[in-house]
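Chains as they are written, first to last, in my numbering: chain A, 1 to 111; chain B, 1 to 115.
Just so you know, the hints here were simulated from the structure itself, not pulled from any lab data.
We put the CB at the ideal spot given by N, CA and C, even for glycine.
Take the hints with a grain of salt, since some may be wrong.
What the hints assert, rightly or not - One side only, chain A facing chain B, incomplete, derived with CB under 7 Å:
1. 42
2. 43
3. 44
4. 98
5. 99
6. 101
7. 103
As the list claims (entries may be wrong) - Part of the chain A face toward chain B, derived, beta carbon under 8 Å:
8. 41
9. 96
10. 102
11. 104
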Amino acid sequence: DAKTTQPTSMDCAEGRAANLPCNHSTISGNEYVYWYRQIHSQGPQYIIHGLKNNETNEMASLIITEDRKSSTLILPHATLRDTAVYYCIVRVAGGYSTLTFGKGTMLLVSP
Amino acid sequence: GAVVSQHPSWVICKSGTSVKIECRSLDFQATTMFWYRQFPKQSLMLMATSNEGSKATYEQGVEKDKFLINHASLTLSTLTVTSAHPEDSSFYICSARITPHNEQFFGPGTRLTVL
Numbered sequence: 001d002a003k004t005t006q007p008t009s010m011d012c013a014e015g016r017a018a019n020l021p022c023n024h025s026t027i028s029g030n031e032y033v034y035w036y037r038q039i040h041s042q043g044p045q046y047i048i049h050g051l052k053n054n055e056t057n058e059m060a061s062l063i064i065t066e067d068r069k070s071s072t073l074i075l076p077h078a079t080l081r082d083t084a085v086y087y088c089i090v091r092v093a094g095g096y097s098t099l100t101f102g103k104g105t106m107l108l109v110s111p
Numbered sequence: 001g002a003v004v005s006q007h008p009s010w011v012i013c014k015s016g017t018s019v020k021i022e023c024r025s026l027d028f029q030a031t032t033m034f035w036y037r038q039f040p041k042q043s044l045m046l047m048a049t050s051n052e053g054s055k056a057t058y059e060q061g062v063e064k065d066k067f068l069i070n071h072a073s074l075t076l077s078t079l080t081v082t083s084a085h086p087e088d089s090s091f092y093i094c095s096a097r098i099t100p101h102n103e104q105f106f107g108p109g110t111r112l113t114v115l
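Input sequences plus hints: build the corresponding full structure.
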């Protein structure tokens with residue numbers, strides 16, 4: 001699976017949009033971009049994934065650049081409960097590879 | 001979404017004793033489950049992959065005789081930490097893979113403290 005690079009930490013004010021970037025310049029054509037988050041002392045939670053088109057669900061939006069070498073996870077209205085470590089992972093969807101976690105981005109949402 | 005549970009959520013034990021952690025898929029069958037370990041301020045590290053009815057596959061550096069994994073049914077996998085020592089204190093998280101899309105869902109984790 002391709003490697004990803006994320007900032008170590010980010011801050012966001014409550015109610016504002018949180019934009020979390022991820023670089024994956026070695027992504028292959030059949031690899032998807034997955035986002036998970038881990039709130040302190042809990043198991044990881046799936047957020048969203050995509051291949052090349054932008055995706056949106058009830059939790060977030062995922063914007064993938066046209067060359068697919070980077071992406072941005074958008075939390076449109078961040079709340080204090082969104083404070084967590086966010087992991088960007090690249091892997092083949094439907095394949096049998098497991099999820100490999102990097103260091104992720106620690107997002108701190110403040111009042 | 002699919003639900004994965006773990007029991008216990010936390011456990012404290014004495015050095016030298018064994019501890020068993022259960023991982024259950026509550027509303028789906030999982031032929032494959034994964035066990036991760038997470039030390040403070042670090043990311044999740046895969047320990048082993050557990051397939052129902054067969055032996056687990058361990059990652060490099062993980063002692064299979066110390067971390068016994070049993071996946072006897074499609075909804076239950078267990079991790080037993082044998083002869084636990086303080087350095088085994090960690091957050092243990094299981095994950096279950098759901099077919100046909102092979103997505104992974106995670107349990108809430110088990111905090112193990114070895115005194």
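The hints, checked one at a time:
| no. | hint | verdict |
| --- | --- | --- |
| 1 | 42 | holds (6 Å) |
| 2 | 43 | holds (4 Å) |
| 3 | 44 | holds (5 Å) |
| 4 | 98 | holds (6 Å) |
| 5 | 99 | holds (6 Å) |
| 6 | 101 | holds (4 Å) |
| 7 | 103 | holds (5 Å) |
| 8 | 41 | holds (7 Å) |
| 9 | 96 | holds (6 Å) |
| 10 | 102 | holds (6 Å) |
| 11 | 104 | holds (7 Å) |
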